[in-house]
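In order, the protein sequences belong to chains A and B. Using the numbering used here, you'd call the opening residue of the first sequence number 1 and step up by one each time. Using the numbering used here, you'd call the opening residue of the second sequence number 1001 and step up by one each time.
Since the hints were made in silico from the structure, they are not lab data. Heads up, a few of these hints could be off.
[Said to hold, decoys possible] One-sided excerpt, in silico: chain B residues whose CB lies under 7 Å from chain A: (1) 1018; (2) 1065; (3) 1066; (4) 1068; (5) 1082; (6) 1084; (7) 1099; (8) 1101; (9) 1119; (10) 1136; (11) 1156; (12) 1212; (13) 1213.
[Said to hold, decoys possible] Derived coverage of chain A by chain B (criterion: at least 3 residues anywhere in the stretch with Cβ under 8 Å from a Cβ of chain B; other residues may be distant): (14) 20-28; (15) 117-129; (16) 145-152; (17) 159-171.
Remember, predicted model here, so these are calculated numbers, not experimental data. By construction, the Cβ of each residue, glycine as well, lies at the ideal position given by its N, Cα and C atoms.
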Amino acid sequence: MTGGHNVATDTIVFTDLVGFTEYTDACGDTAALAVLDQQSTILSGALASSGGRLVKELGDGLMLWFAHPTSALEVAVSMLAAVERARDQRTFPLGLRVGMHSGDLLARGDDFVGQTVNIAARVVDLAGPAELLATDPVVAEVEAASFQPIGPTRVKGVAAPVWLHRLQTIR
Amino acid sequence: MNWPAATSTALVRISTTSGAVRVVAEHGRSEIRSNRELVAVLPATIDAGSNRVECRVPEGTDLVIGSTSGRVRIEGRVGAVSVLTTSGRISIDHAVTVDARSKSGRIEIARADGECRVVNGSGRVEIGRCGAADVTSTSGRVTIGEAAGEVRARGTSGRIEMTLTGAHDVDAETVSGRIEVVLPAAVRPQIVDSATEVDPGAGDCVVVARSTSGRVVVTNG
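Isolated chain B (complex conformation) (with noise of 0.2 Å):
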């Protein structure tokens, strides 16, 4: 097993079926506790099969936890964070980097410093604020509130609404669902469809917008 070295403090791995995780970071704390006992060995495994973890780290902790119908809910500033659940909703306060998948469990992401990169198949996904974001949904909703970098966003006939903070890239692609992209009011986009090309330099920033089916619509707000 190649696990890649943690860039933060500490990094937490937690397995369960249907118990809920809840991951609690907290500032000034050294040690990492799980279910009140403390874990001394890093990096962490936790696999608590259909029983209910709740975990006390470190601010920065990295984390991968994993949970097939539990919910799994993090709170306070985390490093890089990546969550997989086939149904179990995913909330997550503030991260560094996040990656979070699900099949059809609701993803809910306040703020991630980096990128967002968020798989979902009929769940609804909801990002408050994010540097780039990669989001793939099938059927869900996707909104976006704020992406302070470049976003691709993959939808089937879920909706995909996001809002950017200044001049960056978006690659919006849907079969039948609708996309819809807000810039800043002074950013010029070019618009390229199914039918035109990428001319280099010709606005503040490059929109690909292509639909099947469904709308595209890209407004300054």
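Next comes chain A alone, as it looks inside the complex (with noise of 0.2 Å):
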């Protein structure tokens, strides 16, 4: 415990969906707000029984949590596959992008707060659509995937730099 609240080592999942404000400002308020309860739905059937949960949402994007980034990751790739498979089907217009990071969270409520979350919310910026990107912790801690390493990134804050990797494949 540190100041009243639980201090605890998990894992910060961030999704983004890649041309949503473009999207709403060409087809309308309607039909985004239609995409992004479609999003809710394909989460829902993701996150059962992962034992995670949704955080918040961002806009357009969806901040996750999860007590190991095993869960976290088969969570994501499953959010993932339902996005391309919808994608493929026509009937959902935009790609999904997802960051991971696993470190120590201070909870504030219903939310998280620290580093980690900072961290985790940078690392979405600079994956492409259907892309999973996560950094040295998760990949450090999950045996059933393969990733490449794509480089180093700065986040404010941090000194050291964060090392992300692109998911490639999963056991």
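Mind docking these for me? Both chains are given alone in their own frames, and the hints should help you get the complex.
Okay, structure coming up:
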């Protein structure tokens, strides 16, 4: 316990719909809302029985919490696959991208704060559609997947470079 | 930390904040030097902070480079290269494969023998020659001079232009930007838009071109 808050080593996942702002501009608020509803349905299916939870929605982005990176990866991959299936069937217009990081978290009500959250939020910015990027602590913990290093990035307030990896395959 | 095995002679990882990175791959060189110092342990990791890095490596060396605002310049022929910047400009002469990402830095790749994967925010992307390509750009303009393999291009509002050297499949999608695909004169593509389905065997290659409000133009050069 620190200052009345629970401290734990967990995994935070951020997702983002690529081009959502432009899609809203082109297609209107009603169509954009339908996309968010569909994303919520996809998330619910992927999250079921994973032990993780939705922390909050950030516009078209999602912040998710998991106790272990393996379950975080499974849910993220399930979401990516569901979105790609829907895109192949032309029932979902945008690509999904995912970033994840593991580390110490401070709980603040239902939310979490700290550098782990800050880093995870930055990771997703460098992913392309249908891609999952993860940091060293995730790669070190997840044995059932192979990753390709794509380089170090800097996060404000973090002295050391944060190395990013692209998910290649899941065994 | 699980690093993949180097696929060529060596793996060099370089990290800077604002410091520029210059890597020169030289034919016949056997050792690696960073700012003239011999790098004895491989794979090598160079964390230079805000300092400039000039690295001389053997041809075919694999590289993983990251910089916040420093320019990254790779000269000569290298192996598999991954470069990540926030705003730093990236330029690569010749690599076997490329993974280049930036939030706003311009990306120039003269030649990639194999797959070229690019993710960019607002910076311009120019690829001279490549094998397969997978390019995503939010608002920056993307130009692929010659693609000798399948191309997947995702744009939001930036213009994407590509020329293919053969009957390769294309999957091009944009929200509001324009996409232009130029195929060789003899190639007869099956063009699939948002309203049609792929008909296997109906053309020499399949060009999937989807746009919400932008234009997708497919022509024979």
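Here is how each hint holds up against the structure:
A least Cβ separation of about 10 Å between residue 1018 of chain B and chain A goes past the 7 Å threshold, and the interface hint is therefore violated. Interface restraint check: residue 1065 of chain B against chain A, minimum CB-CB distance 6 Å, threshold 7 Å, status holds. At about 3 Å, the closest approach between the beta carbon of residue 1066 of chain B and any beta carbon in chain A falls short of 7 Å, and the interface hint on this residue holds. The interface hint given for residue 1068 of chain B is met, as the beta carbon of that residue sits about 5 Å from the closest beta carbon of chain A, less than 7 Å.
Hint status for residue 1082 of chain B relative to chain A: holds, with the closest Cβ pair at about 5 Å, below 7 Å. With a least beta-carbon distance of about 3 Å to chain A, the hint placing residue 1084 of chain B at the interface is held under the 7 Å criterion. Annotation: residue 1099 of chain B was flagged as interfacial toward chain A, and the flag holds, the nearest CB pair being 5 Å apart, inside 7 Å. Hint status for residue 1101 of chain B: holds, given a least beta-carbon distance of 5 Å to chain A, under 7 Å.
Because the beta carbon of residue 1119 of chain B sits about 4 Å from the nearest beta carbon in chain A, less than 7 Å, this interface hint is met. Here the hint on residue 1136 of chain B is kept, as its CB sits about 4 Å from the closest CB of chain A, short of 7 Å. Taking 7 Å as the C-beta contact cut-off toward chain A, the hint placing residue 1156 of chain B at the interface holds, the least distance being around 4 Å. Using the Cβ-Cβ criterion of 7 Å, the hint placing residue 1212 of chain B at the interface with chain A is satisfied: the shortest such distance is roughly 5 Å.
With a cut of 7 Å, the hint placing residue 1213 of chain B at the interface with chain A holds, because the nearest CB-to-CB distance is about 4 Å. Three residues within the 8 Å Cβ limit are the bar, and the region 20-28 of chain A against chain B gives 5, so the coverage statement holds. Against chain B, the region 117-129 of chain A contributes 5 residues with a C-beta closer than 8 Å to a partner C-beta. That satisfies the three-residue criterion, and the hint holds. Counting residues of the region 145-152 of chain A whose CB falls under 8 Å from any CB of chain B gives 7; the rule of at least 3 is met.
With 4 residues having a Cβ less than 8 Å from any Cβ of chain B, the region 159-171 of chain A passes the three-residue criterion, so the hint holds.
The structure shown violates just one earlier hint, number 1.
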